[in-house]
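Given chain A, work out where chain B should sit, using these hints.
Chains A and B are the protein sequences, given in the same order.
Numbered according to this note's numbering, the first sequence spans residues 1 to 163.
Numbered according to this note's numbering, the second sequence spans residues 1001 to 1370.
What you were told as hints is all true, and nothing was included just to trick you.
Below, in silico cross-link-like pairs of lysine-lysine (DSSO-like), each with a Cα-Cα straight-line distance of 27 Å or less:
1. A:Lys45 x A:Lys122
2. A:Lys106 x B:Lys1370
3. B:Lys1295 x A:Lys106
4. A:Lys136 x B:Lys1011
5. A:Lys106 x B:Lys1012
6. B:Lys1011 x A:Lys106
7. B:Lys1011 x A:Lys145
8. B:Lys1295 x A:Lys122
9. A:Lys106 x A:Lys73
10. A:Lys147 x B:Lys1012
11. A:Lys122 x B:Lys1298
12. B:Lys1100 x B:Lys1235
13. B:Lys1359 x B:Lys1272
14. A:Lys148 x B:Lys1012
15. A:Lys136 x B:Lys1359
16. A:Lys122 x B:Lys1359
17. A:Lys75 x B:Lys1272
18. A:Lys136 x B:Lys1012
19. B:Lys1295 x A:Lys136
20. A:Lys75 x B:Lys1370
21. A:Lys41 x B:Lys1370
22. B:Lys1359 x A:Lys45
23. B:Lys1272 x A:Lys72
24. A:Lys122 x B:Lys1012
25. B:Lys1359 x A:Lys106
26. A:Lys136 x B:Lys1293
27. A:Lys148 x B:Lys1011
28. A:Lys73 x B:Lys1272
29. A:Lys50 x B:Lys1359
30. B:Lys1370 x A:Lys73
31. B:Lys1298 x A:Lys106
32. B:Lys1272 x A:Lys106
Computed spacing ranges between beta-carbons, pair by pair:
33. B:Asn1331 x A:Arg53: 40 to 46 Å
34. A:Thr14 x B:Asn1156: 54 to 60 Å
35. B:Glu1088 x A:Arg143: 50 to 56 Å
36. A:Gly118 x B:Leu1328: 42 to 48 Å
37. A:Lys50 x B:Lys1293: 36 to 42 Å
38. B:Arg1361 x A:Arg53: 17 to 23 Å
39. A:Gly118 x B:Arg1361: 21 to 27 Å
40. A:Lys136 x B:Asp1358: 17 to 23 Å
Hint data in this document are derived by calculation from the structure and do not stem from the laboratory.
We put the beta carbon where it would ideally sit given N, CA and C, even for glycine.
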Amino acid sequence: MTNEEFSTRIVAMTQTLYRVSYTQLSQSCDREEAVQECLYKAWKKRHQLKDERYMQTWVIRILINECHNIQKKRKRELPMEELPERPVPADADMELHDALFRLDEKLRLPILLHYIEGFSIKEVAQILRLPQGTVKSRMLNGRQKLKKILCEEDQFPCETCKI
Amino acid sequence: MRDMQDMSELKKAFGQADEGFVNTLYNTLTNIQKSENRKPVKRIGFSLAAAIVLACLLSAGTVLAVKNSWGIFDFLSGRRQNVKVLPEVANMVQKEVSQKGNETEFGDFVVREAVFNGKSVYIVIDVEPSSSRYLLLGPDAFPTDPISNMGPIFSNITGTIADYAKGNNKEMINTSVGIDGVSCNSIDYILEEDGTLVYMLNANIDSSSVQEDIEITCVAAPFVSLEGKNFIDDKNKKETTLSVTLINSGTEETVTSDMPVVFSDIGVRVDKVTLTASAMEIYADIEYTVIDKEKFEKTDKGLWFEVLDDTGNPISGGISSGEGIQVLDENRFIQRFSLQASETLPSEVTLRGYNILDKNRYEAHRFEMK
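Pulled out of the complex, with its shape left as it was, chain A reads as follows (with noise of 0.2 Å):
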């Protein structure tokens, strides 16, 4: 793969990665040095990609696991009750992100890859390194519990949602 390819194929991904980084990263230079650590690594591994038709699924765990180890990095720093809150961004629906991180990530995750990303559950299971199984009851529980939250903050009955 060239450097022009890898390129092009990365900006193409560009909401995907952000949404990625987003969904497990509350601040924005937490989500930036995910990302640039991820793109390095992407480039210096590059070759040990066997099928290119994979990248994007391979990128993404490349970016998970670069988000995890930010998250560790933070931990250890500060304790939880003194993590910044994440802000809404300005052009975010605000009723939905909220009920979407009030999940917790594991469930969040497969929720975005498979509904948002398009992934299929197979998919997911690989980036996630989860049984596909464990990925289809993270989602049931997470479209469960995002219903139930969705409903409460409508004050309407669950049938009424559409989720």
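Chain B alone, transformed into the frame defined by chain A:
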């Protein structure tokens, strides 16, 4: 009420990537491109430098091999794939190995090189034929095998070992070597032009002593022909014991995991992960306890933990194959194996359960290493 038609509506929860993120992404890509375009003055990281030094070492070894004999590096580069050891290994090679007792009627056994670090040992042994008419063969080489199996200098010769021996008026001699009380991970050998058979043995020997005395049993036996078939003539088998003193060059840093982690799908709790660095490879010990027998038994004794790198791919194994699973008691086990050498030990590792029988992959968990 939420007006969400489907789950993809959730995309609205994020908004667009912010300017800082987009700038970082573009700047990083630009920096990658710049560093690629600066090839003549490219910064060489330690790992690349190490690889270059190793490549030089390996090729120097190969050149030497033509004049002298194959060494440890020649075996590693010539007989294995994806080998990575650190250049410091060059300083660990024991060239003058103290030894006693080596002669048999058919050949002399001499330890020429050894690397020992208190975990594993690599020993190169030359077997020099006592007569130019002897054709020395390794333990699993039989007269009906192709002569090309015997090493690079025979690679273009067709026919069997027996054909070669007959055509060159040689008498075939079976040989074998083994470290007493230790099971060898691997035994490689090649036959050189002057008739010397060169062995490389690899075994795990755990020791914290400055030096370790070992005994190597060396056997040589002629073949006997009966009804047109060749058999090893046990009655004329000759044996000698080499007493060898290995110098322990030691290992380096060790890191251990900070807390146990449960792998719920296989009913196991990994109590401790220990990584020990050496220039040859990284030694890994994974101690685990069965906490749910029913789930564990479903793995049908095929459970193996693989170590994943930060891209989620399994890290290559080290040059020795390791010891496998050690049983501590009914529920406690230690998986001992090795990983490819690295300049630094990781501050965290990801372990994934893997079934070597049905190739199933199980949960993966991270461990912080201190």
